[in-house]
Structures are given as C-alpha cells and as structure tokens.
Amino acid sequence: ETGVTQTPRHLVMGMTNKKSLKCEQHLGHNAMYWYKQSAKKPLELMFVYSLEERVENNSVPSRFSPECPNSSHLFLHLHTLQPEDSALYLCASSRVAGRYEQYFGPGTRLTVT
Amino acid sequence: AQSVTQLDSQVPVFEEAPVELRCNYSSSVSVYLFWYVQYPNQGLQLLLKYLSGSTLVKGINGFEAEFNKSQTSFHLRKPSVHISDTAEYFCAVSDQAGGTSYGKLTFGQGTILTVHP
Chain P
2 ETGVTQTPRH LVMGMTNKKS LKCEQHLGHN AMYWYKQSAK KPLELMFVYS LEERVENNSV
62 PSRFSPECPN SSHLFLHLHT LQPEDSALYL CASSRVAGRY EQYFGPGTRL TVT
Chain H
40 AQSVTQLDSQ VPVFEEAPVE LRCNYSSSVS VYLFWYVQYP NQGLQLLLKY LSGSTLVKGI
100 NGFEAEFNKS QTSFHLRKPS VHISDTAEYF CAVSDQAGGT SYGKLTFGQG TILTVHP
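Heads up: the sequence lines are chains P and H, in that order. Under this note's numbering, the final residue of the first sequence carries the number 114; numbering is consecutive throughout. Under this note's numbering, the final residue of the second sequence carries the number 156; numbering is consecutive throughout.
No wet-lab data here; the hints were simulated from the structure. Among the clues, some could well be false.
To be verified - BS3-like, lysine-lysine: derived pairs with alpha carbons at most 27 Å apart:
| hint | chain 1 | residue 1 | chain 2 | residue 2 |
| --- | --- | --- | --- | --- |
| 1 | P | Lys42 | P | Lys19 |
| 2 | P | Lys37 | P | Lys20 |
| 3 | P | Lys42 | P | Lys23 |
| 4 | H | Lys143 | P | Lys37 |
| 5 | P | Lys41 | H | Lys143 |
| 6 | H | Lys143 | H | Lys97 |
| 7 | P | Lys19 | P | Lys37 |
| 8 | P | Lys23 | H | Lys143 |
| 9 | H | Lys88 | H | Lys143 |
| 10 | H | Lys88 | P | Lys37 |
| 11 | H | Lys143 | H | Lys108 |
| 12 | P | Lys37 | P | Lys23 |
| 13 | P | Lys42 | H | Lys88 |
| 14 | H | Lys88 | H | Lys108 |
| 15 | P | Lys42 | P | Lys20 |
| 16 | H | Lys108 | H | Lys97 |
| 17 | P | Lys41 | P | Lys20 |
| 18 | H | Lys88 | P | Lys41 |
| 19 | P | Lys23 | P | Lys41 |
| 20 | P | Lys42 | H | Lys143 |
What the hints assert, rightly or not - To list a few chain H residues with every Cβ distance to chain P over 10 Å, as calculated:
| hint | residue |
| --- | --- |
| 21 | Ala40 |
| 22 | Asp47 |
| 23 | Pro51 |
| 24 | Pro57 |
| 25 | Glu59 |
| 26 | Arg61 |
| 27 | Ser65 |
| 28 | Ile99 |
| 29 | Glu103 |
| 30 | Lys108 |
| 31 | Ser109 |
| 32 | Arg116 |
Stated by the list, open to error - To give an idea of the interface, some chain P residues facing chain H are shown, with a C-beta separation under 8 Å as derived from the structure:
| hint | residue |
| --- | --- |
| 33 | Pro43 |
| 34 | Leu44 |
| 35 | Leu46 |
| 36 | Leu91 |
| 37 | Gly99 |
| 38 | Glu102 |
| 39 | Gln103 |
| 40 | Tyr104 |
Beta carbons: idealized from backbone N, C-alpha and C, even for Gly.
Please put together the full structure from these sequences, using the hints given.
Quick look at the structure:
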C-alpha cells in the first residue's frame, strides 16, 4: 500500500452505535489530520496530531474522539452521532504539522440514520 | 486569521478551451499556497504548491498557477482542458508558521469545473 489509506470507505450507523474510522499513512510523515467535508461547506479541520500528540482540536463535539497510537495510524472513534454528522471524513498527513503539503486519503462516507 | 475565497463556484468550459479558476486569500503573514483536485467519491489530490521562489508554479496534468503577492491571488490555469479534468478544485493557504506553532491549512469552498465535449 502507498500513500494514505482509510477504512471503511462507506459506513452507515445508527445514532446509538459506536464505530471507528481508521487511517494509515505509508509516507513516513510526522503529522496526521482529520477533516470533515459536508455538502456545500468548506473542508473543516477537526484534529491535528504531531508525533502522536494532539496539537489542534477545532471545537469538535465530544462524540468524536481521535486516537493516534503512533505516527502512522490515526483513528476517529464515533458514538451517539447525529444525522448532521453525515459527511465525508478525510484523513491527511504531512511531513511536519502545518507545513508543506498534505496528502489525503480517499475518505470514509459516513451516513448517520 | 487567514481566509480563502474562490470566486467561482462553478465553471463550465468546452473541451480544448483554456480555463482559469480564481483564488484570492487574506493573511497577515507570509503564506504557502496549494491547489487540490477532488474527483467524485475520492479524496483530495495535490495539483501544485507554492512554498517560495518562482511565482509561476507548474503542477500535474498540465495545470499551472501564479502567485501574485500584491493582489493576494493564486489563480489556477490550464491552456487546454480535457473531459477528464471535470472535478472540484480547492485552493488552500497555510501560514508560514515558525517555532513550535503550527500553520493551519485553510481551504476555499471549491470550484466545480465541468468540461463539455
């Protein structure tokens, strides 16, 4: 595998479910990011990790819980979501947090019913 | 705080015609600039970047962009488009942060380019 991978690609969950999104980067980068992409809205930065330490939490509700066990893996744990949380969730990585270009995964299309 | 404005939400063009997608930004400090492309049901792919040096940058798929500091613009151009260029294009800006601070990457709202035969 190369670049940034995300699983699952599609997820349908009820509001009472608990699920997790997974991201893995094979680029040797030190920073990883979660973004939310909703229809007709700009990409929203959710979380930033630099060397496994969270450096940005962009006022995201607590029903979204990130985890970065090492610099190659990033998770987004989901619980008691709302229908308005339905969106494309994108993971990205970069060599250094906030500098240089970011490389994106294909995203997870989340639908909350 | 920084912001990015993509002046056109949709740009329709015919195949083999030239195209320009406009992007303006505002920031109180020096910036890095990027253009990304997103095809349906896919993530964002980096087209090109401006970090420093020459203000005319060339990217993949025949695209280029010019950084104009006085007009705070970073417009994307292609002299002859193909059907396969149909996608959504995002302009993004990041502060040239130093020290332990980090520069947030801010995206524009996107421009949908539709190439007609």
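Output the numbers, in ascending order, of every earlier hint that fails for this structure. When the structure is compared with the hints, none of them turns out to be violated.
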